[in-house]
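Chains as they are written, first to last, in the working numbering: chain A, 2 to 655; chain B, -10 to 286; chain C, 4 to 266; chain D, 100 to 457.
There could be a bad hint or two in this list.
[Said to hold, decoys possible] DSBU-like mimics (lysine-lysine), calculated; alpha carbons at most 35 Å apart, straight line:
| no. | chain 1 | residue 1 | chain 2 | residue 2 |
| --- | --- | --- | --- | --- |
| 1 | A | Lys128 | C | Lys158 |
| 2 | C | Lys143 | D | Lys296 |
| 3 | D | Lys109 | C | Lys103 |
| 4 | C | Lys143 | D | Lys447 |
| 5 | D | Lys447 | A | Lys303 |
| 6 | D | Lys449 | C | Lys103 |
| 7 | A | Lys128 | C | Lys143 |
| 8 | C | Lys158 | D | Lys449 |
| 9 | C | Lys118 | D | Lys296 |
| 10 | C | Lys103 | D | Lys296 |
| 11 | C | Lys158 | C | Lys103 |
| 12 | C | Lys118 | A | Lys303 |
| 13 | B | Lys131 | D | Lys249 |
Honestly, the hints are just simulated from the structure, not real lab data.
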Amino acid sequence: MPSDPHASPALDTFPRLLLHHAEVRGDHPAYREKDLGIWQTWTWRQVAEEVRALACGLAAQGFERGMRLAIIGDNRPRLYWSMAAAQTLGGIPVPMYQDAPAAEFVFVLNDAEIAYAIVEDQEQVDKVLEAMPSVASLAHVYYDDPRGLRNYEGVTSFERLQEIGREFDRAHPGFFEAEVAKGRAEDVSVMLYTSGTTGKPKGVCQAHRAFIEAGRGGCEFDRLTAADRILSYLPMAWVGDHLFSYAQAMYAGFTINCPESSDTVMTDMREIGPTFYFAPPRIFENLLTQVMIRMDDASALKQWLFRRFMTVAKRCGAEIMDGKPGVPAVDRLLYGLGSVLIYGPLRNVLGMSRIRVAYTAGAAIGPDLFRFYRSIGINLKQLYGSTETCAYVCLQPDGGVRFDTVGIAAPGVEIRLTGNGEVMVRGPMLMKEYYKRPDATAETIDPEGYLHTGDAGVIDADGHLKIIDRAKDVGRLSGGAMFAPNYIENKLKFFPHIKEAVAFGDKRDRVCAFINIDMGSVGNWAERRGIAYSGYTDLAQKPEVYELVRECVETVNAELAADASLAASQVHRFLVLHKELDPDDDELTRTRKVRRGFVAQKYAVLVDALYGGRTVQHIETLVKFEDGRSGMVAADLRIADAKTYDRAAVAAAT
Amino acid sequence: MSFFFEVLIGGLLSGIMYSLVALGFVLIYKASGVFNFAQGALVFFAALTFVGLGELKLPFWLALPATLAVMVLLAFVIERLMLRPLVNQPQITLFMATIGLAFFIEGLAQMMWGANVRGLDLGLQDEPIQWISDKTGMNISKFDLAAAGVAALLVAVLAIFFNRTRVGRALRAVADDHQAALAVGIPLRQIWTIVWGVAGAVALVAGLLWGARNGVQYALTFVALKALPVLILGGFESVPGAIVGGLIIGASEKLAEVYIGPFVGGGIEGWFPYVLALVFLLVRPEGLFGEKIIRRI
Amino acid sequence: MATGARQIGDPILALEGISLSFGGVKALTDISFDVREHEVRAIIGPNGAGKSSMLNVINGVYRPQRGTISFRGRVRRDMNTHDAASHGIARTFQNIALFKSMSVLDNVMTGRNLKMKASFLEQALWIGRARREEYEQREKVEAIIDFLEIQHIRKTPVGRLPYGLQKRVELARALAAEPTLLLLDEPMAGMNVEEKQDMCRFILDVNEQYGTTIVLIEHDMGVVMDISDRVVVLDYGKKIGDGTPDEVRADRAVIDAYLGVAR
Amino acid sequence: MIYREAGQFKASYAADSAIFPIRQDRVGIAVILAFVFVVVPLTATPYLFSAILIPFLILSLAALGLNILTGYAGQVSLGTAAFMAVGAFASYNFMLRVPGMPILLAFVGGGVMAALVGILFGLPSLRIRGFYLAVATLAAQFFILWVLTKVGWITNYSSSGVITAQQIVILGYRFDAPAAKYLLVLSIASIMALAAKNMARGNVGRSWMAVRDMDVAAEVIGIRLMRAKLLAFAVSSFYCGVAGALYAYAYLGTVEPEAYSLDLSFRILFMVIVGGVGTVLGSFLGSAFITLVPVLLSVTVRFLDASLNLGIAESTISNLELMVFGGLIIFFLIVEPHGLARLWQIAKEKLRLWPFPH
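Only chain A is shown next, with the shape it has when bound in the complex:
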């Protein structure tokens, strides 16, 4: 097909792609936004015009090549256009997280030496103006939505900027084309700031080539075409959104849809019915919970149908979608019936009727959750990547989807594992550098051009990458086998009964674990079987509860045993803690990550007991209560053994 971008080599910058689409599919909808009650639509040709006016406007205002343009706000077409406009002028758009407070703006604005900013509305304008005094470079602020800004001094409206642009364009014919022509694939096309969980955020500089290659790889991998549509609702500053809503859209020429407001996303999703969708695991989780809650007050008949057909779906749904052979005709029939009565309607109410490809990433996703969506016919897949790699390293191929891997190396990507299992990647999608941070850049990208992801992983028999932990957390058992605590803990936490888990084993002969039961689900479980308990500590020590936990642990062991590199780290002994791990007691971070080291030494007694082979251990702990008072919790903790499997046996079994 002639309209296939990579047919002609010239299309190596985003502005060129934009003009290309304006030419070959000028009347195809490029952007939609729910505004004034309907989906306002802009075709590629119109977008090209808008961008042209905007670019000229910026130029007229003195924006020059290499300058950086801050872009702050919810997903709005005009903000996406602003990126293209900046790129046309050889400038670098810097999308920023719109929900950050003014104080956090200051750092990025200074670090990127921002002089020009295009922001969404009064809220953002206020924050930027608040930051302005402490940002010497910042001089020009433009806003999209004029509401409430009539009497603001020193800020200019988007319309005005474009008017200026059109005049400038008339005055300097050919300027725009010339600017587009100057662009080179190696030029930095965007600067995305890493959220910076460790230390200050770093500006990741990505070249046109990187994102275009990533976009192209993704589109070809999932056969995305101009006919597709995506709902853009995740922060523009996040690499994923830039890949899906900008790079891929610019490559394939499909339609971007911007919701009316952040609290109408669900309804807007239902109206648009995207064919291509991304969401972090928690969103899928929330959706599932909503479904379950709604179904609870549905009529008996519906509930029965739902249960009945969900079991069918669990049994064969995913297989049927993957076109796997060997699904009995009866099941196929039932599934067909189910998709009329339940699955179809369910996809419909979720707004997922038309989804061809849905991705999730960013955190470990529970197997049940993952299976649910796939079983009702939603092609949910996982990918792996980071800001430094344009969110583009591994993708799960249709038919080759597994919940515990992140798929195979994406087109054009080389993956290699270091001795301690750290994942290293090389390819066109790698970042150029961290802005003004040669040191950090050097640390991350080695002389061979491999980028150290900082994640530890294993590559299984059929080439699927499995991310198991942060590399720095990975240790070794005294036997020499790799020990990845997070991986084990996550596996345990996927069970609804287990809230938190802490695995020990570094420099020890075997793996042992602390468990926190989930008060909610275990509580219900206990009530259903009439087990009386006074509180968490009491419930935690019930023999039945230990049995319950043991089952979970042993299931995990079985799974671990199946994997050569992890078989050694099966959990031999465990105990259920007498109190819930709590950020207030510094046992968890505010983001609820276990602070393993701290826990280990706080409960040294228990750890010793685990490895000392004792079956019971008394412990007293100081705890802080909600109201700030603190008190003692004392308990005799039972310590249990869990069955472990030797690999051969499991291999035989499966």
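Given the coordinates of chain A, work out where chains B, C and D should sit on it, guided by the hints.
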């Protein structure tokens, strides 16, 4: 001149009978806010039942209470099966229901007693009273006079019932404000039953009089239509309105029939009352005895 | 909220010696005051002081027995509701007077009925002007829905909405008429604190964005003092005070009659 | 369940305010139209046409008329049949006295006449409301019928007061076969239903509903009550007038004023209430219900009578029907006071949210 008075008085006398029917409407509307379109059917039903019982060789003094009992029973059934389930529905809905009820009752009546026209003799001849015609040359029908007497009597009884008895007072309370009535513990449903019962009784009397005059037949149901203009004239909620309205309608109708009718080919009594009432309303929307409504917002 | 921009102009509404009574009951006695262009004018007073009656006189729901109303220079014995509407007076009611069975959108659309010229025939055939108008007006209405942030309930029947939102919808309907003078009858009655704050913001935004002159009745003194430029105080149908919030606050008579007893 | 709305977004106000915004509905209505316009004419029997389908459609139209007045504008009327009569006799006279009068134009003329009369009898609605108005409309019922019987000119001095409707001929084609009449009536009904829907979703409709829901507020935002109410009476009566004309020309053939009795008015009012106040769909459902019930009743009763040879007297049967009919009405008002249309509406909501509860 005396002819004029003859017509006028005749009109007034039959007017009282209109009032009688109208009264049935007013009672029910006051107490339950229902525009009871089945009132005509009730009249028909009552009369037919009475005659029917008479045919079963029941003496007058037995047939009367018996019919009364039937009417009360009917009222009870209606309250139980129709009003109660429809409580708090918009008035138009209840109105429609009563039309359905009318169909039902008419069907029932004819089912029980057959549809053929019957005479009803109350021992009153529809003949002029001799000495009046002698004195004034006006022909005033005995029957009309008697009927008027009965009607007047009934009205008086009702008036007493309303103002003197406990039930009557409760009834007025309900009419004024349902919620309040409920609040002070007046059993709304009983009240409704009673009201419909009373309305039934009124229907019985009206039925007997009209029946005796025009024969007991399906046409009795149209008596209701006679009463409607009386209602708009007098107001849905006003007992005196119903009475005075009836007199006005009765008189003017007769007069119009006699003095205007001939010029337009007669048969105008069907619509004249309505047009009259209508014109009146256009001049005075609040009706005869209603006081001016200030629409506050 | 920077209200510095709007210029308070000359009086556009002036009431002279208005007296109104129902039957024997005197609702208003010889009341005179004016409202200047672009200002926010508050009417306060204890219950039954005749505040609502005042508004009803201004937009012609009630006809005063004595007095004159001059609006935009034209002096009248009394208003009639239709003239009021067509000359740019819109209002909301104390106890919400929305069209319960209609959707929010339709309710607001009715606010623009005066802007629609197509005959019922054109509408029946859904041709030409009728269709065009419908869509043009819809766009205007959507802008207002946007402005008052009620997009999410656009198609909900107002009957199903919580009180606070209904109040907002009623304001939207009034705004849809693009009024020059907006009468608000206790716009914040029965609202919780957040709702009140929102409503205040909206009222000031309206006054500022569209330069709409606003006359409002309000009980919450805090609100009144915050948002109004001048205040009229009524008591038992008589005017007992008139001036800036501070002046009124200081006024002995007012304090006795109202603030004293109310707070 | 059958609804799949995901992805049906609206990019224009035209699409958003369409009569059937959901694709599945558009498909559904298309199927229905195809059925009634193609399948039915090919399959139905003459009896079905002239005894059920044609009266059903005509009365639907009348019900639609009344629904515009009562449902949308909130003005109760008991004089519907009279306005139908005006339409019928006006059309008759147009045909009779205007040489070469096209019949469709005559129908329109009848409608217009009815509209004028409607406005006249609508005037009281400016002063009085509720049941007072309802009763007042009875004046129309009686007065109009009286005029029709008394003024010989109208019935062209036919001794019995009975008139014989002229042949329906359009562009030389004679509509005397039941199927042909059915198609004619169906087309007219469909077009007028569409028009009604358009008015309902437009400014007119909103003004009517505003007046119905809260007239003071309506007045305050500039809606002229008089205009709105009289327009409602006019439009309503126009619909009734056309229906009345069809009633004479496509159904009865020979008509006397008594054919448009108070009974008919009530039946039509029933249709509106049972079908659903303030809905176009309801007018048709209601009409179907009210036309079919008696038929079904007598059929079943007679069937039982015959099969169990109970030997029920004819009179008894008719009385029984009367009772059951009345009972049904009451029962119906109790179970679904908002009418059949509401039932469908609820069902639809459920289907749209399936499998979630409504």
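- Non-conforming hints, listed in increasing numerical order: Hint 12 is the one this structure does not satisfy, whereas the remaining hints hold.
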